[in-house]
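Participant: So the sequences go chain by chain: A, B, C and D. The letter at position 282 of the first sequence is residue 282 when you use my numbering, and the numbering goes up by one with no holes. The letter at position 127 of the second sequence is residue 127 when you use my numbering, and the numbering goes up by one with no holes. The letter at position 46 of the third sequence is residue 46 when you use my numbering, and the numbering goes up by one with no holes. The letter at position 72 of the fourth sequence is residue 72 when you use my numbering, and the numbering goes up by one with no holes.
Since the hints were derived computationally from the structure, they do not count as laboratory data. There may be inaccurate statements among the hints.
What the hints assert, rightly or not - Just a sample of chain B residues kept apart from chain A, beta carbon distances all over 10 Å, derived: (1) Val-7; (2) Gln-108; (3) Leu-198.
Said to hold, decoys possible - To give a feel for the contact side, a few chain A residues facing chain B, derived at Cβ under 7 Å: (4) Asn-135; (5) Ile-145; (6) Ala-375.
Unchecked claim - Straight-line C-alpha distance at most 30 Å; calculated BS3-like pairs for lysine-lysine: (7) Lys-208/A - Lys-154/B; (8) Lys-26/C - Lys-116/D; (9) Lys-199/A - Lys-24/B; (10) Lys-296/A - Lys-365/A; (11) Lys-365/A - Lys-483/A; (12) Lys-296/A - Lys-28/D; (13) Lys-102/A - Lys-24/A; (14) Lys-102/A - Lys-105/D; (15) Lys-26/C - Lys-105/D; (16) Lys-208/A - Lys-483/A; (17) Lys-365/A - Lys-270/A; (18) Lys-105/D - Lys-3/B; (19) Lys-154/B - Lys-24/A; (20) Lys-27/A - Lys-442/A; (21) Lys-199/A - Lys-270/A; (22) Lys-116/D - Lys-3/B; (23) Lys-102/A - Lys-442/A; (24) Lys-3/B - Lys-199/A; (25) Lys-296/A - Lys-442/A; (26) Lys-270/A - Lys-24/B; (27) Lys-449/A - Lys-27/A; (28) Lys-116/D - Lys-102/A; (29) Lys-199/A - Lys-449/A; (30) Lys-105/D - Lys-296/A; (31) Lys-154/B - Lys-27/A; (32) Lys-116/D - Lys-28/D; (33) Lys-30/B - Lys-41/B; (34) Lys-208/A - Lys-296/A; (35) Lys-41/B - Lys-199/A.
Values in this document were obtained by computation on a predicted structure and should not be read as measured data. All residues carry an ideal CB built from backbone N, CA and C; glycine is no exception.
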Amino acid sequence: MVISPVHYIALPLMAAFLIPLFGKLNKDLARIIPGLVLLYLSYISVVLMNQIISSNTIIVEIIAGWRPPWGINLVFSPFTGFLASMFSMLGFVIWMYTYNFKPEVDNAQKQKFYVLFMMLITGATGIVLTGDIFNLFVFLEITAISAYSLTAFYRERDGAEAAFKYLLIGSFSSTLILLAILLLYTQVGTLNMAEIALKMPAVDPYMKGVILILFFVGFGIEAEMFPLNGWSPDVYTQAPGPIGAIFAGMVVKAGIYGLIRVVFTLFDVKEILPLLVIIGMITMAVAEVIALRQGKLKRMLAYSSIGQMGLVVVAFGIGTHESVFAAIFLMFNHAIIKGMLFLSGTYLVYNSTEKTLDDVDGIGKYLPFTSFLFALGSLAIVGMPPFAGFWSKLYLLMAAADVRLMAVIAIILVVSVIEIVYYFRVIHRIYFRERTSTIELKIPSFNAKSAMLILAIIIVAVGVYPDLISGLIERATTDLLDKQSYIQSVLSVGLK
Amino acid sequence: MIKQFFVILILSIVGYFLVDAFFKVPFGEKRNNVGNYYIEKSPVDLKVSNAVTAIVVNYRGFDTLGEVTVLFLAATGLGSIMYRRKQKGEKEARAKNPSSRIIQIGSQILFPMIILLGGYVFIHGHLSPGGGFQGGAIIATASLLMLISYRKFKINHNTITWIESIAGVVFASLGFVGLVLGRTFLENFLPSGELNDLLSGGIIGIIYIAVGFKVASELTGVIDTVLLNNRPEAQKEN
Amino acid sequence: MIWLVIPVIVLVIMTIGAAVYAVVSKNLLYAVVSTGVVSLGLSLMFFILQAPDVALTEAAIGVALTTIIFIITIRNTTIKECCDENKSKIGIKKGETK
Amino acid sequence: MNEFLTISFYGTAIVLMLIGLYAALAKKNLLKIVIGLSIIDSGLHLLFVAIGFISNGTAPIFSPEVLESAQQMVDPVPQALVLTAIVIGFATTAVALALVIRLYKHHNTAAIDEIKNLKW
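All chains, please: the whole structure from these sequences, using the hints.
Facilitator: Structure follows, in C-alpha cells:
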C-alpha cells in the first residue's frame, strides 16, 4: 500500500473501531494501539514532508475516486503537512506521557480515554488536511465530541460543568459554521475550498460579508478569541493534564487554522485583516492581564495560552510574508512549549485538589527534574534568548516594525513584561520558597519524564539553531500565501 | 434585567441578519451547482437510483465515515461520562414496574416487524428513500421498545461491541481495499450492476449495511447506557 | 401546488407553536414532548420539500430517539423547570435536603 | 404561491432558530438549554432542505418512469448534508444530556444559577 495522506484519518479510525475488541483480548492493547498508530503517523509525516519538500509539489489526494469539486479531497501541502506532522508527533509524545498516568483509573475507562484521545488528535489533523468545507465541519465535530467527553472525564472534579459550558458554546460555533457553509453553497454551488476560492470574486459583496462574519465568529470561538473564550480556562483546568496539552497544542491550532484558511484562501476580502489584528490584540491584552491575577497554576497556563493565540492572530493579521512566517513559527513554538508546560505543570500539582500556586512552593527540591523543565518552559514561552520562543517573538516584532505598526509592537512588549512577571513569580515560588503544603508528591514515571525531555530538547535545539525548522516554516508560509497555486493544484488533480 | 436586554439585542441582531441574508436567496429556483452533476451522473456511473444515497455513501463517503465516527465517539463518551464503578452486591438495574400485558404482547409482535422494517430500509438504501442511518435508528427503536416493556430484557454489551466494531472495521477496510485495488480510498471497486437492481451500486450497498448495523448498535448502546446507569440512584431518591 | 397551502399553514403553526410551548412550559416533560412535535412537524415538512430520506431520518432520530433520551434524562433528574416548590404534579419529589 | 412557500419555510426555519437561541440564552434550566440547542438544530435542518428545493420538483430518486426527469429533481446535496447534520446533532444532544444527568447528580439541581463552582 502506498503511503498517502488518507492514512492520517483512516488508520486511527480503524484502530478506534478495533480497540474495544482488542481491549477484550488484553487490557494493555487498548493503551498500546494508539501509540503504535501515532508512531506510524509520525513516520509517514517524515516521508511525506520529504516528498513534497524535495519535489516542490503539493499532494492532493482524491477520495472515493471523484476528483474535485465532486468528491472530497485531502491536501497535503507544506503548510497543512507541517501542522499535520506537528500534531502526529506531538500526539505521540503526549501518548508516551499518558501511558502510566493515573494508574488507578479503571481499565474500562482507560480504554475509552484512549479512543477519545486518539480521535481528538485525528479530528484536529482532519481539520487541517481536508480540502472540503463540509468535511472540515465533520472533523470539527469529531474533535468537539471527543473534547467534551474528555473534559468531563474525571468524576471528582467539576469537569461536567466545564464540559457543559464548552458544549453550549461549541454548539453555537458549529451552528454558525454550518449556516456559513449553507449560505456559501447557495452562492457558489460547491463545497470544495479551492473552487469556492475560485468563484469567490463573483459573489455579491453583502453576502460575502455575512458569510465571512459567520465563519469568523464560528472559528473565533474555536480559536479562543475574545470575547468568546470564557469556556477555555475552565476546560483546561478540569480536563486531565495531558488533554490540556492537546487542547493547547492541537485543538486551538486547528481552530486558528480554520480561521486562517477561510480568511486567506476562501475569501478575497483584505479588509478583514486589520480586524484580526485588533481582535488579537484585545484577546492578548485581556488574557495576559487576567493571567496575572490567577492563583491556580492551570488557569494561569490557560490564560497564557489564550494570550499566545491572540499573538498568533495578530501576526496573521499583519498579513505580510514575514509576519505570517512569524505566526507559523509561533504556532509551532506554542505547541511544544505550552505542551511541555502543561505536561510538567500537571505533575507539580498532581495530587492537589485545588491546584493553586501555593502548592508549588519550594517544590524544586522535591521534584527537581519536573521543576527544572517547567522553569525551562517558562523561560522559553516568555521569549528568553537561548530558547525557541525567542525567535518567533523576534521575527514578529521585526515584521511589525517593517510595516510601522508601532502600537502593535508596544502592546506586544508590554504583554511580554506581564508574562515575565507571572511566569517568574511561579519560578520564584518553586525555587526560593519553603514548602508548606503537605500534599504527597507524585514522582513522574519514566515515560512521562522522557516525553517531557523530548519536548525540552526540541525547545533548546530550535532555540540554539532555528534553521532546523525555519526552512520548513518558510515553505509553509509561501504555500499559505500562494492562493493561486493552491487552487491550481487542487482543481487540476486527476485531469489527464 | 441587563441579561434580558442583552438576549433581546442578540436575538434581534441575529434575526435581522438571518432574514436579510436568507430571503435574498431565491426559493424554489434551480441553481447551477454540483448537485446537478450528481443527479446526472449517479444513475449513469454508479447505477444508483437514489441520488442522496449516492452522495452520502460514495461521492461524499468520507463525510459518512466521519459521521459514523461521531456517533461512535458519542457512545464512547457517554459511557465515559456516565461511568460508575459497580459496587459489590449491586443487582442489575431493572425497570421499576413491569409494563402491562397489553404492551408486552404488543411489543412482542411489533419487535420482529420493526427489525424487519429497519433491515429493509437499510438494504434498499440505494433504491428507495432510507439507508443505513434511518434503518439503524429504526432498529434501535425496536430494542428500546423491548427495554421499556420487559423488565428482564437485557442488552448484551458484548454483542453490541462486537457488532459495532466489526461494522466499523468493514467500512474502513472497504475504504482500504479501494485504496489498494483502485487508486483512492473508498473507491467503488465492484461492478455497478443495473439501475434499480438490488445488487447495483457496487460497494454502496455493502457500506450502507455496515452503517446500518453500526448505527443500530451505537444508538442502542447510547440508550442503554443512559437508561441503565441511572436506575439505582433514581430508585434511591424515591 | 395550490393544494399545499393548507397543510403548510397547519404545519407551520404546529411547529412554531410547539417550539414556543417547549420553551415556555414549566413542566419539562411537556416541553420535551413538544420538542418531539417540532421534529414531527419538521419531518412532514421535509416530505413536502421532496426530501424523503431526510424525513425518515428526522422521524426516526429526531422524533423517536431524541425524545426518548430526553425523557430518560428527566426521569433521572427532575420534571420541573424551577425549584421553588418541593412537589411536582407528577409526584416526583426532589431536593428537600437542600 | 412561491412567495407564500418562501415565507413559510424560510420563516419557520429562522423563527425556530431564534426561539431555540432564546431558550439557550435566557433559560436557567439545563434541560431547557439543551432543548433550545435541539430546536436551533431543527431550524437549521429545515433551512438546509428548503434551500435545495425546486418548485414542482421531485425527490432525487430515479425510478424507471422518471428516469428522464432529472431536470425536475430537487438538489440532493443539502439533503445529504442534513443527514450528516442530524446524526451529529443527535450525538451532541446525547452527550449534553449525559452531562446534565451528571451535573444533577452532583449538585442535586438543574438550575444553572446554583451550579457555580466554576465562574460562569
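Participant: Now look at each hint and say whether the structure bears it out.
Facilitator: Here is how each hint holds up against the structure:
1. Every beta carbon of chain A lies more than 10 Å from that of Val-7/B, the smallest distance being close to 13 Å; the non-interface claim holds.
2. Gln-108/B, annotated as away from the interface, keeps every beta carbon of chain A farther than 10 Å; the closest lies near 31 Å.
3. For Leu-198/B, the requirement that its beta carbon stay farther than 10 Å from each beta carbon of chain A is met, with the minimum near 22 Å.
4. The criterion of a C-beta within 7 Å of any C-beta in chain B is met by Asn-135/A, whose closest approach is roughly 6 Å, and the hint holds.
5. Here the hint on Ile-145/A is kept, as its CB sits about 5 Å from the closest CB of chain B, short of 7 Å.
6. For the restraint placing Ala-375/A at the interface with chain B, the shortest Cβ-Cβ distance is roughly 34 Å, beyond the 7 Å limit, so the hint is violated.
7. For the hint linking Lys-208/A to Lys-154/B, the alpha-carbon distance of about 54 Å lies beyond 30 Å, and the restraint is violated.
8. At roughly 23 Å between alpha-carbon atoms, Lys-26/C and Lys-116/D fall within 30 Å of each other, so this suggested pair holds.
9. Restraint check: the Cα-Cα separation between Lys-199/A and Lys-24/B comes to about 19 Å, which is no more than 30 Å; the hinted pair holds.
10. In summary, the hint linking Lys-296/A to Lys-365/A is supported, as the alpha carbons are separated by about 21 Å, within the 30 Å threshold.
11. About 53 Å separates the Cα atoms of Lys-365/A and Lys-483/A, which puts this hinted pair outside 30 Å; it is violated.
12. With a CA separation close to 28 Å, the supplied pair Lys-296/A and Lys-28/D stays within the 30 Å bound.
13. For a cut-off of 30 Å, the pair hint linking Lys-102/A to Lys-24/A stands: about 21 Å separates their Cα positions.
14. With a CA separation close to 24 Å, the supplied pair Lys-102/A and Lys-105/D stays within the 30 Å bound.
15. Only pairs whose Cα atoms come within 30 Å are accepted, and Lys-26/C paired with Lys-105/D is accepted, the gap being roughly 21 Å.
16. At most 30 Å may separate the alpha-carbon atoms for a hinted pair to count; Lys-208/A and Lys-483/A meet this at roughly 18 Å.
17. At roughly 53 Å between alpha-carbon atoms, Lys-365/A and Lys-270/A are farther apart than 30 Å, so this suggested pair is violated.
18. A hinted pair counts as satisfied when its Cα atoms are at most 30 Å apart, and Lys-105/D with Lys-3/B qualifies at roughly 28 Å.
19. Straight-line distance between C-alpha atoms of Lys-154/B and Lys-24/A comes to about 20 Å, which keeps the hinted pair within the 30 Å bound.
20. Of the pairs offered as hints, the one joining Lys-27/A and Lys-442/A holds, with about 24 Å between alpha carbons and a cut-off of 30 Å not exceeded.
21. Taking the CA atoms of Lys-199/A and Lys-270/A, the gap is about 16 Å. The hint holds against a cut of 30 Å.
22. For the hint linking Lys-116/D to Lys-3/B, the alpha-carbon distance of about 17 Å falls within 30 Å, and the restraint holds.
23. A distance of roughly 10 Å separates the Cα atoms of Lys-102/A and Lys-442/A; the hinted pair therefore holds under the 30 Å criterion.
24. Between Lys-3/B and Lys-199/A, the direct Cα distance comes to roughly 42 Å. Violation of the 30 Å bound is thereby established for this hinted pair.
25. Straight-line distance between C-alpha atoms of Lys-296/A and Lys-442/A comes to about 18 Å, which keeps the hinted pair within the 30 Å bound.
26. The straight-line distance between the Cα atoms of Lys-270/A and Lys-24/B is roughly 24 Å, inside the 30 Å bound, and the hint therefore holds.
27. The suggested pairing of Lys-449/A with Lys-27/A holds, with an alpha-carbon distance near 24 Å, which does not exceed 30 Å.
28. A C-alpha spacing of about 27 Å is found between Lys-116/D and Lys-102/A, which places the hinted pair at or below 30 Å, so the restraint holds.
29. Between Lys-199/A and Lys-449/A the CA atoms are separated by roughly 51 Å; this puts the pair beyond 30 Å, and the hint is violated.
30. For the suggested pair Lys-105/D and Lys-296/A, the alpha carbons sit about 26 Å apart, so the restraint of at most 30 Å is met.
31. This hinted pair checks out: Lys-154/B and Lys-27/A have alpha carbons roughly 25 Å apart, not beyond 30 Å.
32. A distance of roughly 12 Å separates the Cα atoms of Lys-116/D and Lys-28/D; the hinted pair therefore holds under the 30 Å criterion.
33. Proposed proximity of Lys-30/B and Lys-41/B is supported: the alpha carbons are some 17 Å apart, at most 30 Å.
34. Between Lys-208/A and Lys-296/A, the direct Cα distance comes to roughly 43 Å. Violation of the 30 Å bound is thereby established for this hinted pair.
35. For the proposed pair Lys-41/B and Lys-199/A, the alpha carbon gap of about 23 Å is at most 30 Å, so the pair holds.
In summary, the structure is inconsistent with hints 6, 7, 11, 17, 24, 29, 34 from the numbered list given earlier, while agreeing with the others.
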